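Q: Listed in order, the protein sequences are those of chains R and S. Sequential numbering from 1 applies to the first sequence in this note's numbering. Sequential numbering from 1001 applies to the second sequence in this note's numbering.
Please note that the accuracy of each hint is not assured.
Using 25 Å as the maximum straight-line C-alpha spacing, the simulated BS3-like pairs for lysine-lysine come out as follows [what the hints assert, rightly or not]: (1) R:K109 - R:K49; (2) R:K226 - S:K1049; (3) S:K1276 - S:K1135; (4) S:K1069 - S:K1226; (5) R:K135 - R:K83; (6) R:K83 - R:K49; (7) S:K1109 - S:K1049; (8) R:K222 - S:K1135; (9) S:K1109 - R:K222.
Treat the hints as calculated values from the structure; they're not laboratory data. As the structure is a prediction and not an experimental result, all values here were calculated from the model.
Number of protein chains: 2
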Amino acid sequence: MVLHEVGMRDGLQMEQHTVPTAQKIEWIDRLARTGIDIIQVGSFVHPGKVPQMADTDMLFAELMKPGRKPRTLLFSGLVLNEKGLDRALACGVEMVCLGVSASETHSRKNTGMAIADALERIIATAGRAAAAGLKVQVSVQSAFGCGYEGTVPRERVLEIVRHYLEAGFTAISLADTAGHAVPDQVERMFADARNLDASAGFACHFHNTYGLGLANCNAALKTGVKYVESSVAGLGGCPFTKIAGGNVCTEDFLHMIQRMGFRRDVDLSGCIDVAKSVSAYFGRELPGTVYRVGTIPGE
Amino acid sequence: MVLHEVGMRDGLQMEQHTVPTAQKIEWIDRLARTGIDIIQVGSFVHPGKVPQMADTDMLFAELMKPGRKPRTLLFSGLVLNEKGLDRALACGVEMVCLGVSASETHSRKNTGMAIADALERIIATAGRAAAAGLKVQVSVQSAFGCGYEGTVPRERVLEIVRHYLEAGFTAISLADTAGHAVPDQVERMFADARNLDASAGFACHFHNTYGLGLANCNAALKTGVKYVESSVAGLGGCPFTKIAGGNVCTEDFLHMIQRMGFRRDVDLSGCIDVAKSVSAYFGRELPGTVYRVGTIPGE
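Please model the complete structure; the sequences and the hints are all you need to start from.
A: Listed below in structure tokens is the structure:
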């Protein structure tokens, strides 16, 4: 099981108050020491569109300094277009994440393009990233439902997955951007996706809008999904959908899987400390439960 | 799938402010109209111990008036001892719930007795209830962990289940009083319990202390559990354990299963209305998510 922390990107991008770069560095450094595998640092989006992400290049410049990060840790960055990839390449990013929405309305609102056009461009950009030697993860947003359109047909999601696989991308995240997924839908979707290519590395990304994030993660893990995206303290929500709750909470997810015997190498109390720090910084209670109630005594 | 609403008992019993009987009646009447199958009205505990439950006899006296409730609906009451059963019989209760804890510390703090003694008494009381023609559900509290003791051995839980089955009780609830359960533990526990008697009617009862209530319900349903106990708005927490979050939230659970195709006969919006009313009554946000964000548009 591979843990991909997305709080510094998907979590913070909805926050109105822009967090200083030094504060982000502090949180990222502390998360890096917990043993989490991948940390998403920011998004190479236009700074005017998401001011919270304006320091992404500066963050990478600092974090990628030689000898600074643990060897096994990867820092990832979200890339939305060619210009974003240019920036990512310029600051030495090792892993980029790119995606399209499976909802036409969401795609048009987010990118100004229909799904088919957005997909063609993303595959081209992802190809350039791969050719430059970067690790590439491609994703399908709104894969389990859309805040604008409601139901998203499973076949449309699988069609995008097929395109990714045909283009040679095998790290594929299915994202429940609006938080509409339910466990049996998750099981069926990932089972169908794995039927297209059982050797591909599928990732899941859930939001907790209806309280189902951990139930959906558990369903995804049952189908063999290896990569799980989560956000410290349950920060998050998508600014481009009408309603989206926070991301699955990193400490809550880690608490669950450690009790089931997995990833005991990751420092849960370190994650909890960061969650407490983030909550204190914003001066409000965040959605996570474990950072508030603590772990189970004696275990 | 049978829905057992326990918010008026397990939910309210931790609330310091005593809710007037007329307000409880209003909520229960509204819940009754949603099509929920069983509503737990209160607990026949000593009124001095839990003042919130002091009106339980009065509630039943009103609710059991001839012609008042839907025919398919059951009202249940929690019974802790012989005196409680006397009261339940006196007010014409149709279904009683009785239980013991699988944690010695919890058992002694809750009943003043060791598990073995508490079990003997509960089986005797349950036997008298059954002989009087009542529906009887017996339970194992702290079945997945204890706020005092931490881990509770599965074999100890199964031993209690065995005693219940041998005594002829086949409606058996396994309750995660402290909220420690994780999905794989839930699957294994209920699978083992069903191996003792596959024809028994097992119920699950989870608390959301670590955010896992719905994930655990889903795991339980996979093993064939038919009875699910939940609490409107996610009210709850156990006053006899050190830490316990709210019960699984009724509307959130219903929202999940309806999206998976089950129990579409139950009026979700009616449940949401009651949750809103309970939240407004207490003047605070309760743990449920669906009553706050609403259902998914267009579905």
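Q: Between R:K109 and R:K49, does the CA-CA distance stay at or below 25 Å?
A: It holds: about 13 Å lies between the C-alpha atoms, which stays within 25 Å.
Q: Against the 25 Å threshold, does the CA-CA distance of S:K1069 and S:K1226 hold or violate the hint?
A: The hint holds at about 23 Å.
Q: Quickly compare the C-alpha distance for R:K222 and S:K1135 to 25 Å and report which way the hint goes.
A: Violated - the C-alpha atoms of S:K1135 and R:K222 are around 37 Å apart, more than 25 Å.
Q: Quick one, are S:K1109 and R:K222 close enough, alpha carbons at most 25 Å?
A: violated, 39 Å
Q: Is the Cα-Cα distance between R:K226 and S:K1049 25 Å or less?
A: Roughly 49 Å separates the two Cα atoms, so the pair is violated.
Q: Please work out if R:K135 and R:K83 have their alpha carbons no farther apart than 25 Å.
A: holds, 18 Å
Q: Taken at face value, is the distance from the CA of R:K49 to the CA of R:K83 at most 25 Å?
A: holds, 14 Å
Q: Hint check: S:K1276 vs S:K1135, CA-CA at most 25 Å. Holds or violated?
A: violated, 31 Å
Q: Under the criterion that the straight-line Cα-Cα distance not exceed 25 Å, is the pair S:K1109, S:K1049 satisfied?
A: holds, 13 Å
Violation of the numbered hints given earlier is confined to hints 2, 3, 8, 9; the remaining hints are satisfied by the structure.
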